[in-house]
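Quick note, the sequences are listed as chains A and B, same order. Take the first sequence: its letters are residues 1 to 171, numbered as in this note's numbering. Take the second sequence: its letters are residues 1 to 127, numbered as in this note's numbering.
Hints are computed from structural coordinates only; laboratory data are not their basis. One thing to keep in mind: the hints can contain errors.
Stated by the list, open to error - A few chain B residues that face chain A, going by a derived Cβ cut-off under 8 Å, partial list only:
#1 L9
#2 A12
#3 I13
#4 L14
#5 L16
#6 L18
#7 E19
#8 P21
#9 P22
#10 L25
#11 R26
#12 S28
#13 V29
#14 L30
#15 A34
#16 Y35
What the hints assert, rightly or not - Calculated pairs, EDC-like style, for lysine to aspartate or glutamate (alpha carbon to alpha carbon, straight line, at most 20 Å):
#17 A:K156 <-> B:D7
#18 A:K119 <-> A:E157
#19 A:K119 <-> B:D10
#20 A:K54 <-> A:E135
#21 A:K156 <-> A:D104
#22 A:K156 <-> B:D10
Said to hold, decoys possible - Selected chain B positions facing chain A (in silico; Cβ < 8 Å):
#23 N6
#24 A32
#25 T33
Beta carbons are placed, not taken as given, at the ideal position from N, Cα and C, and that holds for glycine.
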Amino acid sequence: MTLRGNPEGFATLVERYDRAVYHLAYRTLQDVEEARDATQEAFFKAFRSLRTFKPDAKFSTWIFAITYHACCDRLNRRRRYTSNELPDRADTAPGPEQQAIALDEAVRLRTAIDALPEKYRTVVTLFHLQGRQYEEIATVLGLPIGTVKTHLFRAKEQLRRLLGGAEVTES
Amino acid sequence: MNMHENDALDQAILGLPLEEPPAGLRASVLLATAYRPAPAFSFLDLAGLGALGAVALWLVVLLVMGGGSLFVETLGAIGVGLTRAFSNAPTVAWLAAGGATALWLSLFTGSQPVIAAPHRSGRRTSR
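Could you put together the complete structure from these sequences and hints?
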């Protein structure tokens, strides 16, 4: 699809990927408003940079990479403007209501993913979005494919530990 | 499902539902990108209008300063100059070469070439 000068084509892509892009932003930033802003920023940057998009490349990989960089910028800003170390929101103890719904397998898994360190959480989120296309994940993150596989392996190890009740540690 | 097995964990991750985006996110993204209202005037329109305005202002100043004769003389001089320039083959050739080069470069630099400007009149306006 030729995107340049084709607003309808870009609109179709927005409709196809907005949910996945928002998911990546939300999972990375863990904040609804920031995820919303990062999603808008990513699509806006993509729209303005259509001329740099290679026609033989995958749009999903490209838009995920832009989203990931937008999220990294926001995380860096967050760290810069916060004097104290940010609390890991996902590590807060769940309330009684959350404990009740945690019986649900998907909720348990999602909570466990949220509790992962940022670098592992992003790899798992991209694995969720892209499947076993490690090369695509590596392109999005700008990491060697071996590093992606290692991160994913360690993330899954930590997930298994978390789902089994053990504590998570950054490695 | 036993999530302690690798395949089961993979399947569980891949099967997670995506986050539900906030209401209105898609509309605001589309309005900021694909369905952004076209500006009333393009850069070329503005440049043309500016040039016309400058010429008109200059002619008005001539009329005010020198009366009708100076105005007529100046218009005549402009006409003679333009006729001389466009009847000169090398001048026309250089102008054509410059125009063609500008158009060709615009295809590579991302600015919208005049002949390939997107047609927006048929786009959807309500979403």
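For each hint, the structure was consulted:
1. L9: Interface hint status for L9 (chain B): holds (6 Å vs cutoff 8 Å).
2. A12: holds (5 Å)
3. I13: Nearest chain A Cβ about 5 Å off; hint holds.
4. L14: L14 (chain B) check passes; min Cβ-Cβ to chain A is 6 Å, inside 8 Å.
5. L16: holds (6 Å)
6. L18: holds (4 Å)
7. E19: holds (4 Å)
8. P21: holds (4 Å)
9. P22: For P22 (chain B), the interface hint holds, since the closest Cβ of chain A sits about 5 Å away, which is under 8 Å.
10. L25: Holds: closest Cβ of chain A sits about 6 Å from L25 (chain B), inside 8 Å.
11. R26: holds (5 Å)
12. S28: holds (6 Å)
13. V29: holds (5 Å)
14. L30: With a minimum Cβ separation of about 6 Å from chain A (threshold 8 Å), the hint on L30 (chain B) holds.
15. A34: Result: holds, 4 Å to nearest chain A Cβ.
16. Y35: Result: holds, 7 Å to nearest chain A Cβ.
17. A:K156 <-> B:D7: Within the cut-off at roughly 11 Å; holds.
18. A:K119 <-> A:E157: holds (14 Å)
19. A:K119 <-> B:D10: Holds. K119 (chain A) to D10 (chain B) sits at ~18 Å (cutoff 20 Å).
20. A:K54 <-> A:E135: Holds, at about 17 Å.
21. A:K156 <-> A:D104: Status holds; Cα separation ~19 Å.
22. A:K156 <-> B:D10: holds (9 Å)
23. N6: Interface hint status for N6 (chain B): holds (7 Å vs cutoff 8 Å).
24. A32: holds (5 Å)
25. T33: holds (4 Å)
Of the numbered hints stated above, none is contradicted by the structure.
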